[in-house]
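Enquirer: For reference, the chains in residue letters:
Number of protein chains: 4
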Amino acid sequence: MTTPPVVRGTVPDADVVLAPLPDLLPGLRETYEDLHRHPELSYQETRTAALVAERLAAAGYVVHSGVGGTGVAGVLGNGVGPCVLLRADMDALPVTEDTGLPYASTVRTTTADGIESGVMHACGHDVHVTALLGAADVLARGRSAWSGTLVVVFQPAEELGTGAQAMVDDGLYDLVPRPDIVLGQHVAPVAAGLLGLHAGPAFAGADVLDIRLVGRGGHGSRPEATVDPVVMAASTVLKLQTIVSREVAAGDAAVVTVGRLQAGTKDNIIPDEASLGVNVRSFGEAVRSRVLGAIERIVHAEAAAAGAPEPPRITPGESFPPLVNDPAETERTRAALAARFGAERVIDPGAVSGSEDVSVLATAAGVPLVYWLLGGWDPAAFFAAEQAGTTDRDIPSNHSPRFAPVPHPTLETGVTALVVATLDRLEAPDGA
Amino acid sequence: MTTPPVVRGTVPDADVVLAPLPDLLPGLRETYEDLHRHPELSYQETRTAALVAERLAAAGYVVHSGVGGTGVAGVLGNGVGPCVLLRADMDALPVTEDTGLPYASTVRTTTADGIESGVMHACGHDVHVTALLGAADVLARGRSAWSGTLVVVFQPAEELGTGAQAMVDDGLYDLVPRPDIVLGQHVAPVAAGLLGLHAGPAFAGADVLDIRLVGRGGHGSRPEATVDPVVMAASTVLKLQTIVSREVAAGDAAVVTVGRLQAGTKDNIIPDEASLGVNVRSFGEAVRSRVLGAIERIVHAEAAAAGAPEPPRITPGESFPPLVNDPAETERTRAALAARFGAERVIDPGAVSGSEDVSVLATAAGVPLVYWLLGGWDPAAFFAAEQAGTTDRDIPSNHSPRFAPVPHPTLETGVTALVVATLDRLEAPDGA
Amino acid sequence: MTTPPVVRGTVPDADVVLAPLPDLLPGLRETYEDLHRHPELSYQETRTAALVAERLAAAGYVVHSGVGGTGVAGVLGNGVGPCVLLRADMDALPVTEDTGLPYASTVRTTTADGIESGVMHACGHDVHVTALLGAADVLARGRSAWSGTLVVVFQPAEELGTGAQAMVDDGLYDLVPRPDIVLGQHVAPVAAGLLGLHAGPAFAGADVLDIRLVGRGGHGSRPEATVDPVVMAASTVLKLQTIVSREVAAGDAAVVTVGRLQAGTKDNIIPDEASLGVNVRSFGEAVRSRVLGAIERIVHAEAAAAGAPEPPRITPGESFPPLVNDPAETERTRAALAARFGAERVIDPGAVSGSEDVSVLATAAGVPLVYWLLGGWDPAAFFAAEQAGTTDRDIPSNHSPRFAPVPHPTLETGVTALVVATLDRLEAPDGA
Amino acid sequence: MTTPPVVRGTVPDADVVLAPLPDLLPGLRETYEDLHRHPELSYQETRTAALVAERLAAAGYVVHSGVGGTGVAGVLGNGVGPCVLLRADMDALPVTEDTGLPYASTVRTTTADGIESGVMHACGHDVHVTALLGAADVLARGRSAWSGTLVVVFQPAEELGTGAQAMVDDGLYDLVPRPDIVLGQHVAPVAAGLLGLHAGPAFAGADVLDIRLVGRGGHGSRPEATVDPVVMAASTVLKLQTIVSREVAAGDAAVVTVGRLQAGTKDNIIPDEASLGVNVRSFGEAVRSRVLGAIERIVHAEAAAAGAPEPPRITPGESFPPLVNDPAETERTRAALAARFGAERVIDPGAVSGSEDVSVLATAAGVPLVYWLLGGWDPAAFFAAEQAGTTDRDIPSNHSPRFAPVPHPTLETGVTALVVATLDRLEAPDGA
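Those sequence lines, one after another, are chains A, B, C and D. In terms of UniProt numbering, the first sequence opens at residue 1 and continues consecutively. In terms of UniProt numbering, the second sequence opens at residue 1 and continues consecutively. In terms of UniProt numbering, the third sequence opens at residue 1 and continues consecutively. In terms of UniProt numbering, the fourth sequence opens at residue 1 and continues consecutively.
If we strip away everything but chain A, and leave its shape as in the complex, we get (with noise of 0.2 Å):
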C-alpha cells in the first residue's frame, strides 16, 4: 500500500497560499458556529451539504452533490501533477448539549429506539468541515501556487460507519479522479496547536451490535409471573465487563462499552424486553473473533440463566475496520508539518481507540492514507490538569455533552495543517 519512492519536484509555497487566511478567520468562526448551531443526524446532513456545496461552487470547484445520500464532492483541476483529495465528516449525535457555548445547540430528535435527545457536534464534525472548507477556499484562491489536482470529499453518517461506504459504492470515484494519496484530521481533546500522528494501526477497528433480550412481562409486585428483562440486562452488562477483564491480554487491546440500555416504561409493569446498545473496539482479528464470541457466549447464557422465553437477538450493525497509516507516508507528512509548526507541536499519540471509516475511502481506490489529530483544547487547561493528573476527568472526550472545542487556535491550526500536508503532495508550477 506504500507509493513508490518518487523524484520530488520542488514544494510550492505553503506561504503564498496561506496568507489570505487572518483574514478569512473571522469568516470561518462564523460557519463553525453556524455549523454548531445546527447539528444534523447521520444521512440527515441537507443543510450542511448545501452549506458546503454553496462553497465549493463559489470558490470554483466542480461540485457533486448526493453522493452517497447527503455526501458532497469538490473537484478543482489545476494543472499536471498528482491528485490529493481530502475528507472531512458532516454528521452529528444524539447528545444533549451541556456545555453552556452561546452558540450550543438546542436541536431535539427522537432516536430510533424511540428515545427522545438532543442533537450535538459532540464528536467536532463541525470543525472538520469548517477547516476543509478553508483549506478548500486558499487552495482555490493559491491556485497560481501549485499545480496538480484536488478533490474535497464531505461524507456522511461517519458515525454509523458507513457514509464513507455510501460514497464509494453511489460512484464517488466515476465522478472524481482517482486521487494518489487520502488525506484528513480528527479534533481530539489534546492542546489546541497540536498536532497528533501515528504510523501503522492509528484508530481501532469497531463493531456494533444490537442486543434484544426477551423475557416475559408482567406486573412489577408479581415478578415470580415474568421473566424480568431488566435484571437479565442488568447482569448482561456487568458480566460483559468481564471480557477486558479476563479475556483480552494485557498485551492486547479491546473496549466493550454498552452505550444504550433501555427497558420498560414504568415502575410497576416489568417489560417483555430489554434493549442494549453495545459497541467493541479492537485492533487485530485474533481478538476482535474472541470479544465478539464472547459477547455472544454470555449474552445466551444470560437468556439461559435467566429462564428466558426466547433466545437473544443479537444483530451485528457498522464494522469499521483498524484504521492504518502507511508508514512512509506518515513520516513524510510529520516531516511537512514539523517544518511548519516546529517538531514539538507534531506529537505521536500512539493508536487510539476511537474508529473512523476514512479507511474507506483509501482502500477502495488502493492508495495511501494519512489521518491526523488535531488538538482542540485550551492548552492551559490542558496542561494544567495533565500536570494535576485529572486529564480523564477534566477534559471532556468526544461524545461528552460538554465536549467543545476552542475555535482559536484550532481552526487555524486544522487548516494551515490540511494546505501544508496538501501542498507537501502537489507540484510547483513550472517555473515556480
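These are calculated hints, taken from the structure and not from any lab test. If you're wondering where the values come from, they're calculated on a predicted model, not measured in any experiment. Cβ coordinates follow ideal geometry from the N, Cα and C atoms, glycine included.
Restraint ranges, calculated between C-beta atoms of paired labels, are given here:
#1 B:P26 <-> C:G251: 36 to 44 Å
#2 C:D170 <-> D:A384: 57 to 65 Å
#3 B:P309 <-> C:D348: 51 to 59 Å
#4 A:Q387 <-> D:E296: 20 to 28 Å
#5 A:S289 <-> D:P311: 40 to 48 Å
#6 B:T10 <-> C:E331: 37 to 45 Å
Since chain A is already given, all that's left is putting chains B, C and D on it; use the hints.
Expert: Positioned in the frame of chain A, the structure of chains B, C and D alone reads:
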C-alpha cells in the same frame, strides 16, 4: 373501623334488580370493547369520563364531572336507608398491547421520560368501568326494589396511586353523601366466575422511587475518561436484588422491582446519566422502612463505588398504603356473595402483592372497605395451567402486554357481584 | 397423625417432680459450661455421648449407646401408662467462638473441604442436652408421682439433618418402646423465660447443595489463558440472589444462602475450581421445586457464560422435610405450659426458617410431634433491642460466633417445660 | 543504567565450555525430576538449598548458605576480568499438581489462611535451578576457557516478591563481588528450543492486597439478622472487573486478579468475614495508582452497600517493580544468543504481564539486567495449538496445575543460553 352491629331489615331482592341484566350484556360488551380500544393514561381519561358521565345521567344519576381532574361521581338518592359507595378506576398503562384481540389498542404515547410506547388497558380498568356502569344501570332500573342512597365513583389515576386522594382533595365528600361503606372490585388472573375476598391486609402498600444515577459521559471507546452510568445502573439493579434475598425475613414479604431502566441513546456514546423507576411492595411499616433504607444505602454506595461525580438523586413518587379489608364487613359480604354464587365460587386468595388506592376513599370517609378480586380468565385454560403447574408462565398477569380478561362470564359476574354486595347493604323498601 | 381422643386421667403433680430442681441447678450449670467448652462436630459426639450415658445410667435409665453412630437412648419404665419420647441433639458447628465467655470453646478442626476453623456450640445443643439431662433426672427422682414409660433420645448430627434417620435406621425402635408422642425444644434468640409454640408447619424444610464450578487455572497475570472460577463463583452467588427476589412470590417464602465459598490458595494463582455450599429453606414442595430448579438452571448457565471447560457438579446433600407440629397436640401442650408459666410466657412465634430433623423420630413411629422454642436471651437486652428495632443487629442468631444463651433462667425454664409437657402426657399413679 | 562502551577482548570459546554438556544431561534430568518431586514453598526451600550448596561446593565454588533465609550464593573467581551474576529462584507454589507426570509432586501444605493444598513447582523454578546448576558446572569444568568472576545466586521466595531483597538486605554484596551485569531466565509457555528477549519494560510490576470484608455472621436461614459477607465478596469480585474494563485505557495495560476467595465453613452458617487475595499487574505508576485507588474505592463502597458493621481491612502485601531490561545490553545478549542458536530461535515476546523480583539484584548493585524467557513446551504441541488458535486453552500457563515443561530440549537450551550469555561477558584468557 368496623360498623356497629345493626338490626338488619329485609335485604332487597337481587333477582328483581338483576332481571334485566341478560338483555343488557351485549351492550356492556360493546362498551367494554370500546373502552379497551381507547385506553387513556392517568389523568387523561377524558373520553372515558365523558362516556361514563353520559351513561350515568341517562340512568338518572346526579353527575359530578371533573372531580380530582378527570374523575366522575354519580349519586342516586332513593329514599331512607344506608349509603353505599361503589368505585371503579379508569386509567390505562404505557404498555404496547400484544393480545391479538380484534379490539386491541393501537394508541401510542411518549412518556415523560421520552420513551415511546403503546397505551393499553393492561390492568383491566376497562372491566371495572364497564361492570360498574352495568351495576349502576340495573340498580337504577330496579330502584323500586331497594331504599337508600347509591354513590358511584369513577376514579382517575389509580396507577399513580394519587387519583382517589385527588378526588377527596377536590371535595368529593362535599359533592356526594358520606357513605356507610366503600365497595369495589379488581379483575385478576383467576378463573372467570370466581370471586376472591381476603379479610385484613389484602393488598400490599407500594412506594415508587425515581432514581437518577449521575456519571460522566464521553466517547464509547474511552471509558477511562468517563464514569459509566450504564455499568453503575446495571450493578445497582443487581445489588437491589439482595434486599429481598438477604434483608427481608422468610416470614415477611416485600417486592422490589425496577420496571424502568433507561440510559443512553447510542452504542458509542457513554451517557451522563441513567434513570431507574423502582417499585416497592410491603405489608407493614417495619419491612417498608428497612427496604426503603436499604435502597437508599445501596444506591449511594453504588455511586461511590463507581466514583460518581455527583450523588444519585432519589425522588419519591407515589406511595400507596396497604389495603385493609374490614374483617367483619368482609365476612358479611362473603356470606352475601356465597349465597348468590355458591360458596365454592368465593375463594380466599390470601394477601396479594398488588396495590390499590381505593382505601383512600374509605379512610377519608372514616368507614369500612370491602374490596374483592374478580376472576377474568377462561376457566378451562386457567385450571389446565394450574394443573400443569404453569400458571405463572401461561396466565398473563396484570400489566402484561398479553393481559386479556374474557368478557364472558367476567362482565356478568362483575355486575352481579357489585349488585349483590350493594343490595346486602341497602334496605328493602317499606312493604317489600 | 393425631392421637385418638382419650379419657384423661389425673395429670401427675409437676410440683412434686420439680421440687428438687433448685438444688440441681448449680450442677446443671456446670454440665452446661463443660459441654459448651467441649463442642463436638456431627457424628464425633463421643465425649458428650459418654457423659450422657453415664448420667442416665446413674439416674436409673436403661441405656443404649452407639445408636446411629454416637446416639444415646435411655428408657425408664415406670408402670402402666403412655410412652413419651423426649429428644435432644448433641452436635456442635465449625464456627470460631467469639463470645468472650469464660467457658468459651477453643477447640479447632479442619473441615472436609480443608478449611481450618474453630468448633462451637453455636446452635445451643449444649442447652438441649443439659435441659434434657435435668428433666430425665427429676422425672426419675419423682417417679412415684407418675406412671408410664419415658424414652430420652440424645441424637447425633442434627446439623447434617441425618442423625435422627441414622438412629431410626440403626434400629432405635427395636431398642426402645414406640412412643405415643415425641416432644422436644430448641433454644432461640427469644427472651429467656419465654416459650414459643406454633401449630402446623413450624420449621422450614432444608436442602443442601455442594456445587463445584470448574474453570481452568493458570497464572494470575494471564487470565486470558484461563477460565477464572473465582469470577464464575462471584457471578453465580449474585445471580442466586435473584431466585428469592424474582422467582418466589411475596406470599410464599424461601431462603437461598451460600454459607461457604472457597476458591484458590494464593493471589497470583487462578485456581481450577471454586466450591460453594448452598442451603435452601422452603415450606412447600412447589416453591422448593422451583427454587432447586432455578439453582440448577443458573449454575449451569453461569458456567456456560464463563466458557467453562466442564459443566458444574451439583451434589445434593442433606434434605430436611418441613417440621409440622400436630395442631391438636400442640394446643394441648400450649395449655399445659400456659397453666404452669402463665399464658403471656407461651407465645406463637409463627413459622421459622430454621430446620430440624426431629420430625423423623415422630414420622418413623407414626405419632404426633410437639416441638417448641426455648427463649435463651437476657430479657432486658432482648426487650431493649426489640424496642429500639435493633433485634436483628444486636441479638446474635443461631450459628453466629456470638451465640450465647444465658444459663439463667434458660436452663430452669427448659427443664421445667420438658417436665410439664411430659407429665401432661403421663398418668398419675393409682391413688395419686 | 547502561554500561560504558567497552573495548571488547576476544570472547571465550563456548564450544569448549559446552563440550561436556551432553554427558551431563542425564544427571541434570535426574536433578530436575528430583526437585520437581520435592517442591518447597517460599522461605522453606531447605532441601533445595542443601542440594544446591552441595553441588556448588563439589564444583569448586565458594558457597554462602542461609543468605536472606534459605538463599545460596556461590562464587568462582577465575582471574582478571568482568564479574557476571547468574540468578535462579527456588520456591514452589501451593498448587495441587495435576500433570500426571511420573515425577509429579504429592507434597501437601496448609496455608496461612488455613487452606489445605498440594505443593507444586507450577512456575518452573525447578527448571531454573537445574539449568543454573548445569551452567555452573560446565563453566567450572571449562574455567580454562575464560577469565573473570562468576557469581551464582539461588534465591528464595520469588513468589512473594521478597526473596531477592531479603538476600540483599542480608548482605549478599558483602559476601560476593558486586557484578558488572545480572543475567537470568524464566521458563515460559513458549516452544522449547526458543528464547525470548524484550528490551525495556519486559515484566509487569505487581502489587498484592489482602482484603478482609467484615460482615456479621448468623444462621443461614435468617440472612435478615446478618450482613452476609459471601454476597459482599461476590459483588466485590464482580465490581473489581470494571477497573480494567472501564478505568484503564485501551492503550494502557493492567490485570486485576482475585486468586483467592474464602468465606465460611458450612452451607447453613453465614460467616462473619470473607477474605480475598488480590493481585495487580501494571507497567507504569499512573496506571498503577489509578488501579490501586479504584480497588480501595470499590472495596469500601461495597462494604457500605452491604451495610457492613466495620470497614473492610486492606493489607498491602508484596510489591514488585516492573522488570526493565537494559536496552543496549539486551541487544548485545540477543546477538550472542542468535549467533549460537540462529536468529529465528531468539524471538521478541513483547512485554509480559508476569512479574519478577530479579531486578532487585541489579538495582541494588547499580548494574544492568538482561532476563529472558526460556521456551519449555513441546514444540509440536505448541505450534499445533498456535495454528489452531487454541494456545490459551491447550498450553497450560505458569501456575496452572498442569504446568509441565518438557525436560528435553528445555534443560539443554537453558544451560546453553546461560553459558553463552555469560561467556559473552567474560574474557578469553590470555593467549586464548
